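Enquirer: Given the structure of chain A, go ahead and fit chains B, C, D, E, F and G onto it with the hints provided.
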Amino acid sequence: MATVRRLVLDVLKPHDPPLVDFADRVAETDGVEGVTVSLIEHDREVQNVEVTLDGAALDVASIEETIEQLGGTIHSVDLVACGEYVVGDRPPSRDR
Amino acid sequence: MATVRRLVLDVLKPHDPPLVDFADRVAETDGVEGVTVSLIEHDREVQNVEVTLDGAALDVASIEETIEQLGGTIHSVDLVACGEYVVGDRPPSRDR
Amino acid sequence: MATVRRLVLDVLKPHDPPLVDFADRVAETDGVEGVTVSLIEHDREVQNVEVTLDGAALDVASIEETIEQLGGTIHSVDLVACGEYVVGDRPPSRDR
Amino acid sequence: MATVRRLVLDVLKPHDPPLVDFADRVAETDGVEGVTVSLIEHDREVQNVEVTLDGAALDVASIEETIEQLGGTIHSVDLVACGEYVVGDRPPSRDR
Amino acid sequence: MATVRRLVLDVLKPHDPPLVDFADRVAETDGVEGVTVSLIEHDREVQNVEVTLDGAALDVASIEETIEQLGGTIHSVDLVACGEYVVGDRPPSRDR
Amino acid sequence: MATVRRLVLDVLKPHDPPLVDFADRVAETDGVEGVTVSLIEHDREVQNVEVTLDGAALDVASIEETIEQLGGTIHSVDLVACGEYVVGDRPPSRDR
Amino acid sequence: MATVRRLVLDVLKPHDPPLVDFADRVAETDGVEGVTVSLIEHDREVQNVEVTLDGAALDVASIEETIEQLGGTIHSVDLVACGEYVVGDRPPSRDR
Chain A
1 MATVRRLVLD
11 VLKPHDPPLV
21 DFADRVAETD
31 GVEGVTVSLI
41 EHDREVQNVE
51 VTLDGAALDV
61 ASIEETIEQL
71 GGTIHSVDLV
81 ACGEYVVGDR
91 PPSRDR
Chain B
1 MATVRRLVLD
11 VLKPHDPPLV
21 DFADRVAETD
31 GVEGVTVSLI
41 EHDREVQNVE
51 VTLDGAALDV
61 ASIEETIEQL
71 GGTIHSVDLV
81 ACGEYVVGDR
91 PPSRDR
Chain C
1 MATVRRLVLD
11 VLKPHDPPLV
21 DFADRVAETD
31 GVEGVTVSLI
41 EHDREVQNVE
51 VTLDGAALDV
61 ASIEETIEQL
71 GGTIHSVDLV
81 ACGEYVVGDR
91 PPSRDR
Chain D
1 MATVRRLVLD
11 VLKPHDPPLV
21 DFADRVAETD
31 GVEGVTVSLI
41 EHDREVQNVE
51 VTLDGAALDV
61 ASIEETIEQL
71 GGTIHSVDLV
81 ACGEYVVGDR
91 PPSRDR
Chain E
1 MATVRRLVLD
11 VLKPHDPPLV
21 DFADRVAETD
31 GVEGVTVSLI
41 EHDREVQNVE
51 VTLDGAALDV
61 ASIEETIEQL
71 GGTIHSVDLV
81 ACGEYVVGDR
91 PPSRDR
Chain F
1 MATVRRLVLD
11 VLKPHDPPLV
21 DFADRVAETD
31 GVEGVTVSLI
41 EHDREVQNVE
51 VTLDGAALDV
61 ASIEETIEQL
71 GGTIHSVDLV
81 ACGEYVVGDR
91 PPSRDR
Chain G
1 MATVRRLVLD
11 VLKPHDPPLV
21 DFADRVAETD
31 GVEGVTVSLI
41 EHDREVQNVE
51 VTLDGAALDV
61 ASIEETIEQL
71 GGTIHSVDLV
81 ACGEYVVGDR
91 PPSRDR
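Chains as they are written, first to last, in the numbering used here: chain A, 1 to 96; chain B, 1 to 96; chain C, 1 to 96; chain D, 1 to 96; chain E, 1 to 96; chain F, 1 to 96; chain G, 1 to 96.
What the hints contain is simulated information worked out from the structure, not anything from laboratory work. Please read these numbers as outputs of a predicted model, since none were measured by experiment. No residue lacks a Cβ here, since even glycine has one placed at the ideal position from N, Cα and C. Some hints could be false.
[As the list claims (entries may be wrong)] Covered stretches of chain A (chain B as the covering partner; in silico rule of three or more C-beta atoms under 8 Å from a C-beta of chain B): (1) 23 to 30; (2) 34 to 44; (3) 49 to 59.
With the rest of the complex left out, here is chain A (with noise of 0.2 Å):
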């Protein structure tokens, strides 16, 4: 099982929780090491969120619980990064 580094999720949530105990709750969850929470857009029953997560080995099940728990729907995942480490970040291995 290759290991998840980094997720970004595309949810619809309800105003409670608000976002800072939303990504509070989040964060506690198995294998992130962080995670940024971002306003796209809101109106008056839900705000639109994107949600990246960083961590060595992030447990998605886990994560995907959690916000499901805060009344959250994941309405798309845009970027998964799996591996040795986020492709994009840093250049690859390189002859020496």
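Expert: Just chains B, C, D, E, F and G, lined up with the frame of chain A:
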């Protein structure tokens, strides 16, 4: 409880206190290492400002309280970053 | 045979398997150090994704096979980088 | 009192003193490590300039006073950064 | 004879050989440290690709020959960098 | 007197002396570590150039004098940076 | 005489010699550490190219002569950088 490391707020504030005093007071709030307040728009009555706060463990309730004491209203929380570091500022851990 | 260090593929895949499982399986393919799968577009039937792979020596045939086994179709190979390093990621050698 | 580390001001100033003398005098104000004055617009009477100041502890009152003595009017304070460092210039502290 | 360190070519190639084999063969040419082939456009017959090559001393004639052997036509040479390093990749020498 | 570290001037100059001689003479002026002259626009009579000068302590009067001796007219001073360093080129000091 | 460290020229050249030979010959000119020749536009007769040269002390007269010998015409000198370093490539000196 995960640690909140960055917070970006969209705030409406009266012209008084001036931006410098406003930023100064917010910077004194517990857990705030640095705060940048940028003027987005203003009219005769209010200033719409973006408040970006960084810290090792931001006390969000205190920050909200300070802003309200200064006559400000948090229009929206635009970004929250929790965890061991701010996702996006540096690549996640990788296999050595 | 020169070594393939980066590959960018435009792929059409069914919704099943989900993006995470898809990326995970591709990451397990020989020679892949890291893979990032980004969602470009999707409709009811298919997802159009961009797959970026890095490695010291990517096994392109295995990668193509894995993608096909997962129900994906490689619409186009958008970028291939071969040689001692990925051109563009760092300046070439120079006179000391 | 938190320390003000960066200030960005939108200023209207007469053509006299010239930009160089204006910047020079502002740079001499207490706590100013560096100041950059950029010409945004100008007509026959006035120059609209953006004044960016950095310092370990900017004395905002003295800066405002200096600008007024030079015939300038602070149209708006566009940015204030307070605290241990300028948020945005480097990532916040993180767990070691 | 100055050394050619970077070459950017606009090439029209048939679909066969595929991009990976094409890049692979070009990478094997004398003096090539790395090559990146990017797909610009394609129709039923041909692919328009940008070929970026780096090396300590690119053998341009061999590169052209390899491309022609693979059925490609060099539509234009878009960039050539010669000398001790690639101008633009790092600042020139300066007084110590 | 604070030190002027960067100056950006909008200058109208005749075609003679040529840009190289013009830049060369300006670079010889006291306190100038480096000067870059970029051609913005030109017609039959004049060249509109942007002159960017860096130094530890630019002697603005000498620079203006040199430009005038070369037949140039300073249309506007677009940027002046004074103090210990050029604000914007590196983060300000911070608490250790 | 200040040293010319960077020169950007807008040049019209015939198709012969080809870009590679043209760049190669210009790179051999005294004082040239590196040269990058980029194709801007071309028609049946001529190529419009941008020639960027770096060096510790570019011999502008020799460069112009070489270009003319190769059948090229210098349409305009777009940038000249003189002095101890190329302004813009690194921050100027500052108080220690």
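Enquirer: Next, verify each hint and record whether it holds.
Expert: Verification of the hints:
1. 23 to 30: holds (count 6)
2. 34 to 44: holds (count 7)
3. 49 to 59: Holds: 5 residues of the segment 49 to 59 of chain A have a Cβ under 8 Å from chain B.
In terms of the numbered hints stated before, the structure departs from none.
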